[in-house]
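In the order they appear, the protein sequences are chains A and B. In this text, residue positions in the first sequence follow my numbering: the first is 1, and each later residue adds one. In this text, residue positions in the second sequence follow my numbering: the first is 1001, and each later residue adds one.
For the record, the hints were derived by calculation from the structure and aren't laboratory data. Worth double-checking, as some hints may not be accurate.
Unchecked claim - Distance condition first, Cα-Cα at most 25 angstroms in a straight line; then the derived SDA-like pairs of lysine to any residue:
id : chain 1 : residue 1 : chain 2 : residue 2
1  : B       : Lys1130   : B       : Val1117
2  : B       : Lys1130   : B       : Glu1236
3  : A       : Lys76     : B       : Ala1209
4  : B       : Lys1298   : A       : Ser252
5  : A       : Lys206    : B       : Arg1296
6  : A       : Lys298    : B       : Pro1250
7  : B       : Lys1298   : A       : Arg296
8  : B       : Lys1076   : B       : Cys1140
9  : A       : Lys298    : A       : Thr78
If you're wondering where the values come from, they're calculated on a predicted model, not measured in any experiment.
There are 2 protein chains.
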Amino acid sequence: MRYGIIGVGAIGGYYGSKLAYSGQEVHFLSHSDYAFVKEHGMQIDSCDGSFHLDDINVYQHAEEMPKCDVVVVGLKTTNNHLLPTLVPPLLHDHSVVVLIQNGIGVEADVQQMFPGVQLVAGLAFICSAKTKPGHVNHQCYGSINLGNYSCRNEAVFQQIIDDFTSAGVQAAEVPYEEARWKKAVWNMPFNGMTVALDTQTDLLLKNPATRWLIREQMLEVVGAARHLGVTGIDEEFVDSMIAITDAMTPYSPSMKLDYDFHRPMEIHYLYTRPIEIARAAGFRMPKLEMLEAELRFKQP
Amino acid sequence: MRYGIIGVGAIGGYYGSKLAYSGQEVHFLSHSDYAFVKEHGMQIDSCDGSFHLDDINVYQHAEEMPKCDVVVVGLKTTNNHLLPTLVPPLLHDHSVVVLIQNGIGVEADVQQMFPGVQLVAGLAFICSAKTKPGHVNHQCYGSINLGNYSCRNEAVFQQIIDDFTSAGVQAAEVPYEEARWKKAVWNMPFNGMTVALDTQTDLLLKNPATRWLIREQMLEVVGAARHLGVTGIDEEFVDSMIAITDAMTPYSPSMKLDYDFHRPMEIHYLYTRPIEIARAAGFRMPKLEMLEAELRFKQP
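Work out the full structure: start from the sequences and follow the hints.
Structure follows, in structure tokens:
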């Protein structure tokens, strides 16, 4: 299969390079890093073994790229307004688009942009960062869960999992809705609260007041998911998320990094859309509504 | 009537000096400013006309003070644990205690400290600050509303209003519960949110997200008051509070000043107690619960 990777940052750069390094045919689209990557290739510094790719199929414009069987979107959702320009040139009639992005409602909105296109949700569990053009620092983890949103070709879906696995990336299928909402249980409290209180995960859990607040916010997400008919997420899952975070080293989620580096925050898909979706179904998330408002105030 | 004033800061210093300047017999209790005030008196720089008091009846210990007919408490509620030491030496059998303090539940807790003592709530509408020992800067406003919590002597209650009025302080009786909750409609959102987002009233109202949030928080207070059977506070009152704040110059509420100057914040009576009282009656204030948790995190 031919892979097209949109974005060569922490996500697209990492997963695309892993696929290319394993021998897959991979074509990268890079806006700002094109010249550097064209000349120097990609360097992946990784806890699982570092490697370098010399010859990269890299393009500055989507129109120059070949049609791809699988298009992997590794952009932040704050750039999703660019997708109508970037994605269509890569599509043939049976292409599958994998969105490795954060939040709730992304697939529904992208499906509206490209009706009929087969979509897969990629939920990455990874700590990685682009440190400079053509350089990705992969600190730990790295697995990817795939949720089938609208992929009609089960064989291709399975092939994507197999290709990731062959590339040394732990990959598995998960139920789409459940996986997205499970991720939101952790993402919605911790991403925003670390920004709102300018802190890290450990201090939020050390203070009894914010520990209680984080749990209340997680329960709001569980309540929303249940109200939407999503099963498999309960109070026990909330407790496990808190226990896992207790065991982590002090951590700044992606939104905190975006805020600290004066980049736009993914407020829309991490807060606005899930709040809207739950509210439309008759369920309110008052504390997360407040967090959204605070983030909009702080968004530079 | 003989007045005892506990605290010579922005509140006790101002109202006590106004009473003394008008000819009332006033005795001040001052912990940290005792020596200065004893020697230099009190200076009130005021928008309504500045004045100086040379000879002040000031004491460092409550035990040295005479019994008073009216004891005015001008401390922050964060010091209310001191009241069992400071108040009883001033009381005779018919003393009335006026609490010029912020928040909800203060009178109930003080009544538990001093069962049978007659309590009056003083709701000050004033911008004043102690700028240095013995100096109060009174910038604007200055009226005081008195709510009868447990004063059995209607004549003394009326005399207090008359004495304030004679001293040039606009004073009136208000219904106790309604007045406390009305004040909370403004106090609960603005005091905490200016701290949470490190800002002033004007910017909170300029941003559409936080303007909405402030209104939602005000409606939580209105809902709590209604649930507790307090009448006379509705959505129209909320709109008027927002309109008044729109018309104000950018303002830092007292909690923001406390936070900026690393003083303890009045979280307990501005948030914890009203949230508890409403919750015990079956009403939740989720956004103000969240604000309380954020403030407890930020409290140094």
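The hints, checked one at a time:
Between B:Lys1130 and B:Val1117, the direct Cα distance comes to roughly 29 angstroms. Violation of the 25 angstroms bound is thereby established for this hinted pair. Restraint check for B:Lys1130 and B:Glu1236: not satisfied, since their Cα atoms lie roughly 35 angstroms apart, outside the 25 angstroms limit. Between A:Lys76 and B:Ala1209 the alpha-carbon distance is near 23 angstroms, which keeps this suggested pair within the 25 angstroms criterion. A distance of roughly 18 angstroms separates the Cα atoms of B:Lys1298 and A:Ser252; the hinted pair therefore holds under the 25 angstroms criterion.
Between A:Lys206 and B:Arg1296 the alpha-carbon distance is near 12 angstroms, which keeps this suggested pair within the 25 angstroms criterion. Simply put, A:Lys298 and B:Pro1250 have alpha-carbon atoms about 18 angstroms apart, close enough for the 25 angstroms limit, and the pair holds. Distance hint between B:Lys1298 and A:Arg296 is fulfilled; the C-alpha atoms sit about 20 angstroms from each other, no more than 25 angstroms. For the hint linking B:Lys1076 to B:Cys1140, the alpha-carbon distance of about 20 angstroms falls within 25 angstroms, and the restraint holds.
Among the hinted pairs, A:Lys298 with A:Thr78 is consistent with the structure: their alpha-carbon atoms are about 16 angstroms apart, no more than 25 angstroms.
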